[in-house]
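Peer 1: What follows is the residue order along each chain.
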Amino acid sequence: MVNELREKVRKLLADGDVELVIGWEKGSRALAATPAFIESPEDADRLIFDATCGNNPAVYFTKDARRLAKSGRKVGIVVKGCDARSLSLYLAERQAKRENIVIIGVPCRGVLDRNKVADAAGGREVLEYSEEDGKITVRGKDLDLTLDAEDVLSNSCLTCVYPDAREYDIFIGEARDRQDGKDQNAALDEFEKLSPGERWEKMTEVYSRCIRCYACRNVCPSCYCNECFVDQNDPQWVGKTPEITDTMIFHIIRNLHVAGRCVECGACERACPMGLELLLLNRKAAREVEERFGYVTGMDSGEKPAMADFREDEKQDFIMG
Amino acid sequence: MSNTYIPINMKVEKILVEDPDKALRTFDLSFVNEADEKRFEYMPGQFCEFSLLGKGESPFGIASSPTEPGFLRFTVNRTGSVTNEIHCLREGDVVGIRGPLGNWYPVEKFKGGNIVIIGGGFAFTTLRSLLVYLIEHRQDYGDITVIYGVRNPDLFLYKDELAEWQKRDDLTLHLTIDNPVEGWTGLTGFVPAVVKQVAPGTENAWVVLCGPPIMIKFTLPVLKELDFPDARVYTSLERRMKCGIGKCGRCNIGSKYICIDGPVFSMEEIGEIPEMI
Amino acid sequence: MVRLEKKGFADFIRSLAADFAVYAPVTANGKSGFKVIESAEDIDATCLVTDRSPKEVFFPHSEVLFEYDREGVREVEQPAKPIAVWGLRGCDSRGLRLLDMVFGSARQMPENEMFQDPYWKRKYDHSLVFGLACNEPRSTCFCNWLGGDPHGGDGSDVFVVDAGDAFLMEPRTDKGRAFIEKASGLNKASGKDEKKAAQLADAARKMMNPPGELDGLDARLKAVFNEDIWDELAAKCVNCGACAFVCPTCHCFDVQDEGKGGKGKRIRIWDSCMFPIFTMEASGHNPRKLSRDRFRQRFMHKFSYFVDNYGESLCTGCGRCIIACPVNVDIREVVRGVLSYEDKGAR
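Protein chains in written order, with the numbering used here: chain B, 1 to 321; chain S, 322 to 598; chain D, 599 to 945.
You may find that some hints are simply not true.
[As the list claims (entries may be wrong)] Listed below are the simulated DMTMM-like cross-link pairs for lysine to aspartate or glutamate, each with C-alpha atoms no more than 25 angstroms apart in a straight line:
#1 S/K376 <-> D/E675
#2 B/K11 <-> D/E830
#3 S/K376 <-> B/D246
#4 B/K116 <-> D/E734
Note that these hints are calculated values from the structure, not bench results.
Computed from a prediction, not measured in an experiment: that's the story for all the values here.
Let the hints inform the model, and build the full structure from the sequences given.
Peer 2: Below is the structure:
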């Protein structure tokens, strides 16, 4: 599959259909690939695709106040199902032009949670990684371990319903449709059973370890405000210290800002250097949006996100009783 | 150990509104504690962090000269959250000051030389400090030429003092405005053009240049054209600041920290900095 | 060199904790950092480089500078006990030494109190640093690129080697010597001990990746300052603060007032030159608007500006940024990229 990916990208660049292809390549860490920016056909061989490809590459369209999206450059982008939904969101929000993007879908079987692998490896450093048929093998000094991929996948992937891009220009292999039966989110069901006080306790326990590095916000394609509310100082909406009150406000408001726009890719949770369970609130918000408005983010690039749209016939029980 | 982060108390003695839009106010502050006043020794070009508890701090060049004891003068432009609060101060209010910070205009080096002071807009603050200092030590310096330009006559700082200095015969003061205004008897034209017109000779001359980035950008080539060497042209740089004492890492341009290596730099030093000013 | 039997370690820590607030690596929820410990059991001995760096012991994430109210300004109470840190790897103890160069004094006027940071000095000047040798460096460790050594102990008062059945300790400063002289439970180390330590040191050094050649990096960085290479190197950076916050030497901070109705406090909080508004001015002008300008600033500061001002790089090769970066920006690759970049003219 990877060879076909490289071949297709090589051709796109050689033919001048695109000037740049964003994907993933092997980095200096065994368990996480690194974003690749391929500009010449010979470099296409750097591209890889496996369970280490955890970043959401769509984020690069809106970096630096949407510099790439506004540049008019023709860009190819390799996407998993969730990443493709981010692109749909961008198109729906008019942040990028469809004619400037070549969407290259790859079949995704889920990406790794580095912390889960580290736990399984007993803290020994992983130096080599390989995968085959639903099993992953990690090797290092005094380490040779084969695991079921299911046991160490990122939380977002355990309940992923849309593993492959739904809208694409090229797909490497066969694009699968909706994966039914995968949307049982046990962790979220447990959370919903808790009383408000218990939920607050759980959230406090999670967010008290936050170091306010904003890795979650910065890797998220849905977060592209030119001035984020946490950076404003006039008025100062949120304090900048990692005190739980301010940190809680940051995460809650960020969740509200991406409600109905989050594609549940899990890039935030994988980016967090402190291993916070960041997806919990995102997925709660996504569930609420789906229940109330029948809207799932990124399914249709022509559809406005739920929070950016008003329909007279939508449920208004939260305000009208 | 004394705590350098704790400001000393100053009382607002006088507030002067400099312009009709009330965007520029000059504050004269006196020392609440005599001990603080005795310890506070400064030179023209230095700055202070002006502290408003609950709002924050903002750095301002000291506009008074060390030859004027008993008060410190600052001119504040209303731009952001802290300066807006400063503009709400009343006479008698107590504020905080940390300083004096930074380096100063090399007045020792300037001795015996001819001084050319070029200012634009409300950047004239530390230039006032320098000019008053030079006047107090008049016999140590040669010719003094001042070129000061603003958009329109309302925007000049220290108007009363400018009028006084104009009358003096031991210095030459050229005031210029951008566009003609009825009743204006001074020069008309942007500062770079006026500098070209009226700049004195480069013989034994030192230039001190302060103004908005665009004015500096266009005046430097003129000075080069007139053959003023980079080592003899000084300016005062600015960057966003917080601690003012070289710790927080915010105000650097290249390896120079504006708060401790500057804000005064010669153009020769600036030429070596990779980052643009 | 002296020897502390492992079975005597619990007592050792107990007696240390009587005189000092003892910080050591502690793991909670899968992530490690330096926390105050009461007993030796709290220490996670399996940590090599902790996830959170120990700079937060002396330079906390947020620190109250003073409180104020209508009466005036009041400093907060200082903790009574001096600080002892156990288990600092060489990269971390060296990092503290570098930070002391910044916070302890001003480079031009070392004796001038105006430039001494009292919050740092009150903690660091009286502290006791136990460096711990690294017997098994990781692939992300690169202290040897920057003059460091897994068995070096730069910045330690007492340097400790874990020899299996015992800790072997060596004083490195007067403070360390004074401590060892007074401490109980320590015996003179034998020739065998010294040999064991040397063997462990040798083995550790061999385990490390060969050092990169960083000669001329400072000058090279200045030479390529305006080149396109920074667009390439910075392309994947998303400008969060993960690298700066886990780094043992990054020290940029913000100062904020938090108050209401005439009462409040002035706080200093970690900040990062990578954040978009770090250099944003009130006028709206931002000298480092582009991601790649901020990215470049971090590396210039670490390997060029700090060298200009203090003679050493502001990086100790701990590798935390390599592990923490959400997009795997690898500081070693950035440095290699700069060194191997050919000027357009030269091609």
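Peer 1: Next, verify each hint and record whether it holds.
Peer 2: Status of the hints after comparison with the structure:
no.	hint	verdict
1	S/K376 <-> D/E675	holds, 23 angstroms
2	B/K11 <-> D/E830	holds, 22 angstroms
3	S/K376 <-> B/D246	holds, 18 angstroms
4	B/K116 <-> D/E734	holds, 22 angstroms
Checked against the numbered hints listed earlier, the structure breaks none of them; every hint is satisfied.
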